[in-house]
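Participant: The listed protein sequences derive, respectively, from chains A and B. Here numbering that gives the first Met the number 0 is used: the first residue of the first sequence is 0, the next is one more, and so on. Here numbering that gives the first Met the number 0 is used: the first residue of the second sequence is 0, the next is one more, and so on.
Bear in mind the hints are in silico, worked out from the structure with no lab data behind them. The C-beta atom is built at its ideal place from N, Cα and C for all residues, glycine as well. Treat the hints with care, as some may be off.
Said to hold, decoys possible - So, partial list: chain B residues that the calculated Cβ filter (under 10 Å) puts toward chain A: (1) 40; (2) 47; (3) 50; (4) 152; (5) 156; (6) 158; (7) 234; (8) 242; (9) 259; (10) 265; (11) 266; (12) 267.
What the hints assert, rightly or not - Counterexamples of contact, computed for chain A against chain B with all Cβ distances above 10 Å: (13) 28; (14) 113; (15) 273; (16) 287; (17) 315; (18) 340.
Okay, here's what each chain looks like letter by letter:
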Amino acid sequence: MVRGEARRRWLLVTALVAALCSIPFAIAAFPVAGADVDPQRLRGLILGSAERPYQGLAESTGSLGIPDLPGLDDATGLLGGTSRMRVWYDAPENWRVALVTATGERDFLRSKTGLAIWDYESEQLTKIQGAQTVRLPNAADLMPPDLGRRLLRLSTPADRLTGLDTRRIAGRSAAGLRVTPADSATTIGSVDIWADPETGVPLEVRIVPRGGSRAVLTTRLLDVRFARPAASAVAPRFAPGVRTSEVDTFDLLARLASRTTERMPASLAGRPALDSTPSIASVRAYSGGYSSFVVAPLPGRYGRRVFEAARTAGAGSLAVSRGEALALQTSVLTAVLVREEAIGRTFLLAGPVRPDLLRTAANELIS
Amino acid sequence: MIVTELAKLVRRPRTWVSLALLCGLPAIVAIFLGVTEVAPPPGEGPTFLSAVLSNGSLYPAAALAMVLPLFLPVSVAVVGGDSIAGEAGSGMLRYLLLRPVGRTRLLVAKLIALTAYVMLAVVAVAATSYAIGVAIFGTEPASALAGSELITSVSGTGLSDVQVALRITYTVLYIGFSMLGVGALALFLSTFTDSPLAAALGALAALVTSQVLVTLDAAASVQPYLLTRYWLAWVDFFRDPILWRDIERGLALQAVYVGVLLAASWANFATRDVTS
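Bound conformation, chain B alone (with noise of 0.2 Å):
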């Protein structure tokens, strides 16, 4: 089941098309920083973008930074809406449950579909701008720099290459792992509907609203509980030293989101009448 998910999540054309879609806007930023060589100042337009013009290896952070707000979660909602409304919309899941599979392995196979979906975009995204940043914009020390292989942190002090390779690689794990949540809540809502617009459209709605609220004063009472409130904590791995208090929290609390989620799409979906 399992293998059957993932296969099929692997021919999709929709994966490959969304995956490039992903990877094209960091692609179509860094020609244009390559041509210009105008790069916003530091502290405004997409993080560590004003840090990349004379270090490449950082644009995967500056990449993942730019589809981190709106992309990414747009097409992991899509894909998670899409798990089990998908199949009932096309008239798939009465079929697929006629197989001798309980429900509850089918949406735990949907997960990890999921969640490898996730981990490929977030890989593609890396990837692709680290390719891409460092055939730009090369591999030299940043500008502030002279004759050392660093680049400066946040904090001002400098970092190696295994260094920065390190940082990049955990703010990887930690985007991958704060998609799930989204991704969960999509398919939770997924067990709802035979609609995957619809599924994925409610997770959207409720991540805007999170967004929202993330920077209202009035809800700060309610803000560390929000789905949204830890995702730009990732900029903590490039602080000197690293602060981990918001990265443990976010992690804790998508890991609370998904628990809660799949609970509630198993409670659900193993009782649902299926029709379609």
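Chain A on its own, in the form it takes in the complex (with noise of 0.2 Å):
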């Protein structure tokens, strides 16, 4: 009697503990409705969603892991783990991007005079003064809408753009599409971008590198509402008397671009240099597409310091034709550091490109 009233308790017990258990397979499996898109419509959704406004919670997750080089820790930090980032975006140039620790924050605030960063660690509001045409990747390039954007906007007509089966999205049905590089020179075998079929807005982008079939960087949406933010939310009053500093160069790159004299060469490798970087001469992008490449030349003591540290990383040494070189290779992302020590240059030359190209750029620097 006792074992049948056992048993029948603890039957109730299991049933209740599958029915617990089956929610999230069950919400995984409820059939999403058809979004499907054509490719090239749903390209032009998305590059002209830049004037959507819309608020929520992103998480990227990346796996590139660049080792920590000296001044660039919070760029690889960014490529190499998980972030989660809020976002209160109003129109390109008046949005906020909160990058959310377990124990602090720090906000990146974009308005009409330029670019506020909080930072809770050190409780410091910095204002950058001036626009910054160069400089290392933060948390607001992670963003999905942005950054698919960013890179829809890399393809060349020569690249193969494909449809991917409709997913569930942070509550939203999200037409997919797949971009697959036709240039051999890019470590990217494909960017898939899903995005919202009405407003375009981008809700999940992957980076796949070549050859592979595992994302090296997700970047999705979980929350997302398609609604103008509170302006007291994309701009909120700081405390009064918070630490407050002006710069004209926030990171490293920029500081590089402003304050180093080094003239880089219009080409490199056969690729010229990019357009859009012709005022900053000492730190520039070459070729276009998926294969683009930068190349910053490394001040003196500081060019040692990095050099080394690769070095310590692990990173392998490269034959060049003159000088010393060592390359750090992820599946994505190649850097090459090159120094010639006789008259003391260090360049550093990263991109999602093959090493020979780099070589052969690298080689053409110091020759």
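Grab the two chains, each in its own frame, and use the hints to assemble them into the complex.
Facilitator: Next comes the structure, spelled out in structure tokens:
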């Protein structure tokens, strides 16, 4: 009698647990509404979505595995781990992205007057004067809408555009497209983008390396609302007395761009310097499409520090005609450091390209 | 039955000893901070500890951050593990059940006593740390501010005293509710054994496992369902605007754990052979 009663009670509990455990699977299996959109049309929708206001929460997961190099920690951390960002996007020049950590927060606030960064860990509000033509990636660059549009703008007519199955992302049916780069010099195998078919706002972006099947960078909106965010959320009023500073350059790359005098050539490895960087002669990006790469001269002592840090991090030697070169390669990103000891010049070359391309460029730089 | 269990909880010296130990850690830290005036920089050490040097009204949040990872769950696991196993271990369970009360009712009474202990512990930590914080650090505006009765939120905006008090109250309630999952787990294990220590250690083993998996990228697929996954979401009360997503999920997850574990406790205890 007691045994039967016990069995009945345990059965009840088991049924309860089974019902609760099945909820996530049931939600995942719930069929998505048909949102198939022609890839070319979807591409146009995405590229034209920059004016759509939205707000929400995004999560990016990167496994680029770039070792920490002096001065580049923030960028490498973003691309090699999981980050959560809140976003209030009103317009291309009026938004706020908050990089949320377990015990702090870093806010990027864009307005017509420029960019401001609140860092809880240093209790500091930094206002950046002027536009940053060259800078390191930050959390705002990993927002799916921004990254999706930027990656699509890099595609060329030669790249293959195909449709992907509709998926549910942030509670919405999202139409997908895949760009497969035609340029064999890039290490990017494909760029997958899913976007809201009504607004064209990208909800998820994945970068898959050439020859691989798993994305090395995935960024997706977990929650999204297509409504204009409150002005107080986009541009909150900071507490009176908060320590504030004004700088003209914020990160290392921007400082290099503005303070080094080394002139970069107009073309490298047969690739022309990008039109967007003619005013910054010291840090230049070359070629176009997905096989673009950037070259930055690293000043004397700092250059040596980065070079030694790369060697410690296990960078492999790269044969160059003069000087010494080290290559750090991940599944997508390749970075080459080349040093010419005789005159103390060090260059950093980086991009989603094959190492042989960067070696050719390095040889030309130090020749 | 419920009143009896609550009275028993209040009368037990170990209840007050554990509360004293819980409140003691933040007090010791406050004294060290007050004497040396050396606080860890923001983002390092316990959350908000850096902000309390010039404004003690935020010290309850820092104190809860100190006891949340270890002290609080240990004390809740010990009390939860003692609920049924303690009575069985001392030979009292058989006599308790001789009274005209159902086992389900006894279980409910134990749960209510456990809930009371959890809330008492969290409120005690918050209240004593507020008193100590205000006494040692004062309630002047935080170091970054000037001429305003504000402290800085994690997002850089100012929070008034009323907002701080409200958000600390939310934090107390959230952490208290989060601890109910630990308590329910210990209570569940307590229905299987006559050893309170075994039940408490079992609950702590589950907690440690959860804490390890929460930090492991390879376990990302199960992380949203881990008992400790959303414990730190209380920090989101101090963002501007408040980030509710993880808080809501944390509350829902704890409710599921409490519900399932209580149902399992009931299934086991209601038909168990009580021999001691």
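Participant: Are the hints correct? Go through all of them and say.
Facilitator: Status of the hints after comparison with the structure:
1. Against a cut-off of 10 Å between C-beta atoms, the interface hint on residue 40/B holds, since the closest Cβ of chain A lies about 7 Å away.
2. Checking residue 47/B against chain A: minimum C-beta separation of about 8 Å stays under 10 Å; hint holds.
3. A distance limit of 10 Å between C-beta atoms decides the matter here; for residue 50/B the minimum to chain A is near 8 Å, and the interface restraint holds.
4. Annotation: residue 152/B was flagged as interfacial toward chain A, and the flag holds, the nearest CB pair being 8 Å apart, inside 10 Å.
5. For residue 156/B, the interface hint holds, since its Cβ comes within 10 Å of a Cβ in chain A; the closest pair sits about 5 Å apart.
6. Satisfaction of the interface hint for residue 158/B is found here, the shortest Cβ-Cβ separation to chain A being roughly 8 Å, below the 10 Å cut-off.
7. Interface hint status for residue 234/B: upheld, as the beta-carbon distance to the closest one in chain A is roughly 6 Å, under 10 Å.
8. Interface hint status for residue 242/B: upheld, as the beta-carbon distance to the closest one in chain A is roughly 7 Å, under 10 Å.
9. The closest approach between the C-beta of residue 259/B and any C-beta of chain A is roughly 6 Å, which is under the 10 Å cut-off, so the hint is satisfied.
10. Hint status for residue 265/B: holds, given a least beta-carbon distance of 7 Å to chain A, under 10 Å.
11. Residue-level restraint check for residue 266/B holds (minimum Cβ-Cβ distance to chain A is 4 Å; threshold 10 Å).
12. With a least beta-carbon distance of about 8 Å to chain A, the hint placing residue 267/B at the interface is held under the 10 Å criterion.
13. With a cut of 10 Å on Cβ distances, residue 28/A stays outside the contact zone with chain B, its closest approach being about 16 Å.
14. Under the 10 Å C-beta cut-off, the non-interface status given to residue 113/A relative to chain B holds; the minimum distance is some 17 Å.
15. The Cβ of residue 273/A sits about 35 Å from the closest Cβ of chain B, beyond the 10 Å cut-off, so the non-interface label holds.
16. With a cut of 10 Å on Cβ distances, residue 287/A stays outside the contact zone with chain B, its closest approach being about 34 Å.
17. Remark: the non-interface label on residue 315/A is consistent with the geometry, its nearest Cβ contact in chain B lying 26 Å away (cut-off 10 Å).
18. Listed as a non-interface residue, residue 340/A keeps its Cβ farther than 10 Å from every Cβ of chain B; the least gap is roughly 38 Å.
When the structure is compared with the earlier hints, no violation turns up for any of them.
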